[in-house]
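So you can see what is in the structure, the chains are spelled out below.
Protein chains: 2
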Amino acid sequence: MKETEIPPEHPRAESLRIREKLVEHYKAGIVAKAGLFAHGRGEAFDYLLGEKTTKNALKAIEAAAAALLTAKHPVISVNGNAAALAAKDIVKLAEVTRAKIEVNLFYRSAEREIAIKKLLEAAGAKQVLGVGKAASAKIFEIGSERRRVDPAGILVSEVVLVPLEDGDRTEALVKMGKKVVAIDLNPLSRTAQFATITIVDNIVRAMPALVETAEKLKQEDRRKLESILSDFSNKKNLGEAMNLISQRLSELADKGTFISIAQKGKE
Amino acid sequence: MKETEIPPEHPRAESLRIREKLVEHYKAGIVAKAGLFAHGRGEAFDYLLGEKTTKNALKAIEAAAAALLTAKHPVISVNGNAAALAAKDIVKLAEVTRAKIEVNLFYRSAEREIAIKKLLEAAGAKQVLGVGKAASAKIFEIGSERRRVDPAGILVSEVVLVPLEDGDRTEALVKMGKKVVAIDLNPLSRTAQFATITIVDNIVRAMPALVETAEKLKQEDRRKLESILSDFSNKKNLGEAMNLISQRLSELADKGTFISIAQKGKE
Numbered sequence: 219m220k221e222t223e224i225p226p227e228h229p230r231a232e233s234l235r236i237r238e239k240l241v242e243h244y245k246a247g248i249v250a251k252a253g254l255f256a257h258g259r260g261e262a263f264d265y266l267l268g269e270k271t272t273k274n275a276l277k278a279i280e281a282a283a284a285a286l287l288t289a290k291h292p293v294i295s296v297n298g299n300a301a302a303l304a305a306k307d308i309v310k311l312a313e314v315t316r317a318k319i320e321v322n323l324f325y326r327s328a329e330r331e332i333a334i335k336k337l338l339e340a341a342g343a344k345q346v347l348g349v350g351k352a353a354s355a356k357i358f359e360i361g362s363e364r365r366r367v368d369p370a371g372i373l374v375s376e377v378v379l380v381p382l383e384d385g386d387r388t389e390a391l392v393k394m395g396k397k398v399v400a401i402d403l404n405p406l407s408r409t410a411q412f413a414t415i416t417i418v419d420n421i422v423r424a425m426p427a428l429v430e431t432a433e434k435l436k437q438e439d440r441r442k443l444e445s446i447l448s449d450f451s452n453k454k455n456l457g458e459a460m461n462l463i464s465q466r467l468s469e470l471a472d473k474g475t476f477i478s479i480a481q482k483g484k485e
Numbered sequence: 219m220k221e222t223e224i225p226p227e228h229p230r231a232e233s234l235r236i237r238e239k240l241v242e243h244y245k246a247g248i249v250a251k252a253g254l255f256a257h258g259r260g261e262a263f264d265y266l267l268g269e270k271t272t273k274n275a276l277k278a279i280e281a282a283a284a285a286l287l288t289a290k291h292p293v294i295s296v297n298g299n300a301a302a303l304a305a306k307d308i309v310k311l312a313e314v315t316r317a318k319i320e321v322n323l324f325y326r327s328a329e330r331e332i333a334i335k336k337l338l339e340a341a342g343a344k345q346v347l348g349v350g351k352a353a354s355a356k357i358f359e360i361g362s363e364r365r366r367v368d369p370a371g372i373l374v375s376e377v378v379l380v381p382l383e384d385g386d387r388t389e390a391l392v393k394m395g396k397k398v399v400a401i402d403l404n405p406l407s408r409t410a411q412f413a414t415i416t417i418v419d420n421i422v423r424a425m426p427a428l429v430e431t432a433e434k435l436k437q438e439d440r441r442k443l444e445s446i447l448s449d450f451s452n453k454k455n456l457g458e459a460m461n462l463i464s465q466r467l468s469e470l471a472d473k474g475t476f477i478s479i480a481q482k483g484k485e
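Same order as they appear, the protein sequences are chains A and B.
Residues in the first sequence are numbered consecutively from 219, following the numbering used here.
Residues in the second sequence are numbered consecutively from 219, following the numbering used here.
For the record, the hints were derived by calculation from the structure and aren't laboratory data.
For every residue, glycine included, the Cβ atom is placed at its ideal position computed from N, Cα and C.
A hint or two may mislead.
DSBU-like mimics (lysine-lysine), calculated; alpha carbons at most 35 angstroms apart, straight line [as the list claims (entries may be wrong)]: (1) A/251 with A/356; (2) B/245 with A/306; (3) A/273 with B/251; (4) A/251 with B/290; (5) B/290 with B/454; (6) A/356 with A/310; (7) A/251 with A/351; (8) A/351 with B/251; (9) B/351 with B/239; (10) A/245 with B/245; (11) A/393 with A/356; (12) B/356 with A/239; (13) B/245 with A/356; (14) A/251 with B/356; (15) B/436 with A/251; (16) A/239 with B/336; (17) B/245 with A/239; (18) A/239 with B/393; (19) A/336 with B/251; (20) A/270 with B/306; (21) B/245 with B/356; (22) B/351 with A/245; (23) B/436 with B/306; (24) B/251 with A/251; (25) B/356 with B/306; (26) B/454 with A/270; (27) B/336 with A/270.
In silico contact screen, one side only, chain A against chain B (beta carbon under 7 angstroms); selected entries [what the hints assert, rightly or not]: (28) 231; (29) 232; (30) 239; (31) 241; (32) 263; (33) 461; (34) 463; (35) 468.
Kindly generate the complete structure, drawing on both the sequences and the hints.
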C-alpha cells in the first residue's frame, strides 16, 4: 500500500484524511515537519475529548467572537497548519470581524510565507500581512524568528487570534498587553495556559463555529459583547476542559477493556 | 531560525531533540510521514503521564519480560519509529530474550525495509527477518501490506513485541492466537486495547527498562516467570493507566491556570 492510500474501511478514516491534507500541504511547502508532529499531538487530545466541539469550547468561541468584534485592530495570525486546514474559514472570519490576516511562522522561510499567502489569496483573502520585508517590526521572544511581526498587523493589534500556535508566541503577545485567542486541543499547553481565551477544540470544527458565532454576535450591541467577555474566565474554562477529559478517561477506566475485537470500528 | 535548530533554553528542548532524531531518520528513509504524526500523538499522552515511567508501566514491563523469556519463539517486530528511537535496545533485548528481529511496516517499501535493516545491523543485530522476499507468508489483516510476515519469524512465534504498532497489526496477531506485547503511550488505542500486555510508556524509556528487567528475570526459574504472567491483567493495568492520567488532569483542573508567565520553564 502507498502511504497516500487510506483504506475506506479503516476505523480512523476521517482522521487519516485530515492527515493526508496536511501531508499534501507539507509537500507544497506550506506545512513544516514540526506541523506534522504538532498535528499528531492535537489528534491525541481530540481523541480524548471525543472528537466533538464541547459546550466548554462553545463558551470560549463566544468569548473569542466578542473579543474580535470589539477590537479596533483584530488580527488573525496564520501558520502553515492553520492555512492547510482552515484557509477558507480564516478568510470568512476576517471578513465578518474586519480582522487583518498575518502570516506568522515559527520556522520562517520566504518560500513558505509566499506559499501560505498564495493559499490564503486563493481562498479569497484580499490582503495578507507579514510576508517578507513587511514583517519589519520585532517583538521580544525566545529563540525564534517569530519575533518579527508586521507593523500594520500584530504590532498595532489589541486582539490576536492564534490558531495552532506555540507557547512562545502567545506569551510574547500577552506580555505586550494584547488579548490572545488561541485554538489549542491541549488544555495543558503553554499556549492554552498563557492565552486570554483558549478554545479547546479542533481547528476544523472551531473555525466554522467561530465564523457562525461572530455572524450572530455582530447583530448584538457593544454592551452585550463586553458582558460576554467580562463573564468569561479562561482559568475556569480550561479547568472545565481538563475535567471533561479526566471524566471521560475515568469512565473508560471503569469499563477497562472498552474495545473488543468483535466491536472493531465502534471505537 | 532553521527547522533543525533547537533553542537550548526552550522549555521542551528534550522533547524537540527526540523529534529531531525522528526527522533525521525520516530524511534517511527510515521513518514514514505517518510516523511523525504518530509520534506527536504519543507526545501528548506522555505529557499527560508526566513524561516518566510509572509503576503501572513497570508492572507491564515485568509481565512483558516474563512473556518474552518463557516463549519458544519470541519476535520483536520493528517499524521505522522503533528503529529510529530504540535500535540499540531492540538488539540488546533480542540478545537477552533470544528473540528474533523482524522488520514489519505499515507502509512497506523495499528501500525503507533495507534502510531499517541496515540501521539495526549497525546497532549490532546479527539477523534481521522480514525484509523483501523473506516476508513470504501472509496473515489476514485489513487493507495493509503488513499482512506479509516472515515464516521464520512472526509466523511461527507465540509472543511478539510490537513497539509503536497500530491496531490492525495487533488485532491480526491476537486473532492468530499469539501473545502481543505492545508499547503504546495511548491506553485507549486499538493496539493498547487488543494487546495481551500493554506497556503504557515512551519507547525511549520503556525499552531500556525492558532490557534491564529481562536481564534480572532471566535468573529466575520458569515457575516464577509464569506466575508473573498469570498475575498480570492487561484490562486492570490499562484501567490504572487511564486513571493515572485522569487523576493528573483532575488535579491540574483544580488548580486551573497552573503555568503563569513568571513560572515559565517549570511546566
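Enumerated hints in conflict with the structure, sorted upward: The structure breaks hints 4, 15, 20, 27, 28, 29, 30; every other hint is satisfied.
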